[in-house]
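Colleague: One letter stands for each residue in the lines below.
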Amino acid sequence: DAGVTQSPTHLIKTRGQHVTLRCSPISGHKSVSWYQQVLGQGPQFIFQYYEKEERGRGNFPDRFSARQFPNYSSELNVNALLLGDSALYLCASSFGLALADTQYFGPGTRLTVL
Amino acid sequence: RKEVEQDPGPFNVPEGATVAFNCTYSNSASQSFFWYRQDCRKEPKLLMSVYSSGNEDGRFTAQLNRASQYISLLIRDSKLSDSATYLCVVRVTDSWGKFQFGAGTQVVVTP
Numbered sequence: 001d002a003g004v005t006q007s008p009t010h011l012i013k014t015r016g017q018h019v020t021l022r023c024s025p026i027s028g029h030k031s032v033s034w035y036q037q038v039l040g041q042g043p044q045f046i047f048q049y050y051e052k053e054e055r056g057r058g059n060f061p062d063r064f065s066a067r068q069f070p071n072y073s074s075e076l077n078v079n080a081l082l083l084g085d086s087a088l089y090l091c092a093s094s095f096g097l098a099l100a101d102t103q104y105f106g107p108g109t110r111l112t113v114l
Numbered sequence: 001r002k003e004v005e006q007d008p009g010p011f012n013v014p015e016g017a018t019v020a021f022n023c024t025y026s027n028s029a030s031q032s033f034f035w036y037r038q039d040c041r042k043e044p045k046l047l048m049s050v051y052s053s054g055n056e057d058g059r060f061t062a063q064l065n066r067a068s069q070y071i072s073l074l075i076r077d078s079k080l081s082d083s084a085t086y087l088c089v090v091r092v093t094d095s096w097g098k099f100q101f102g103a104g105t106q107v108v109v110t111p
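Chain order of the listed sequences is A and B.
Counted the way our numbering counts, the first sequence spans residues 1 to 114.
Counted the way our numbering counts, the second sequence spans residues 1 to 111.
Careful, some of the hints might be misleading.
Claimed, not checked - In the DSSO-like style, the derived pairs of lysine-lysine whose C-alpha atoms are separated by at most 27 Å in a straight line are:
#1 Lys45(B) / Lys30(A)
#2 Lys30(A) / Lys79(B)
#3 Lys52(A) / Lys2(B)
#4 Lys13(A) / Lys42(B)
By construction, these hints were calculated from the structure, which means they are not laboratory data.
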């Protein structure tokens, strides 16, 4: 079975540009979460979606937005990119929202903002 | 104070030795606990869930101490392939179950 997939794997943008990152969850999983991980830190929560609805939002500015599609895939959008947005962006899927549900991560998109 | 704190290490461990490290959490409403492993520039991968009674998976043992609000991970008979960063993860019931990650503990197993 395919795991979580993300695209693109690497991306280079300049300040002020916009970026869209994509994620496909494991088949059967209905929840997708997005994380930002900068070097030397653990992943920081950005969004969680379940059944196409936003269920949680982390402490990120409004430049960050996301959505989930009927097939449970998801997009993360970041507007007006800043140098500090350079990071590994991870998507994780889980079956649902139960506390025991574990999250499985995709390989990530490495974003570099110049 | 960070919600989930870990000793960043590195823990330098001779091959075959035992290493243990803790993770403390601040929210008493935390209900689910996990250890993830992350190799350099790769995604985190689930190592094990942590249950109230403690649990073991091969050479790995996880313990939970709710009174003192920490979880621990012990690795026995360390292998070179155990070199990685170990991330502690906590889920809280008062925040729609979001996953809170620690910054990770780096383990380096040496020949």
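Colleague: Are any of the numbered hints broken by this structure? If so, which, sorted upward?
Modeller: Of the numbered hints, 2, 3 do not hold.
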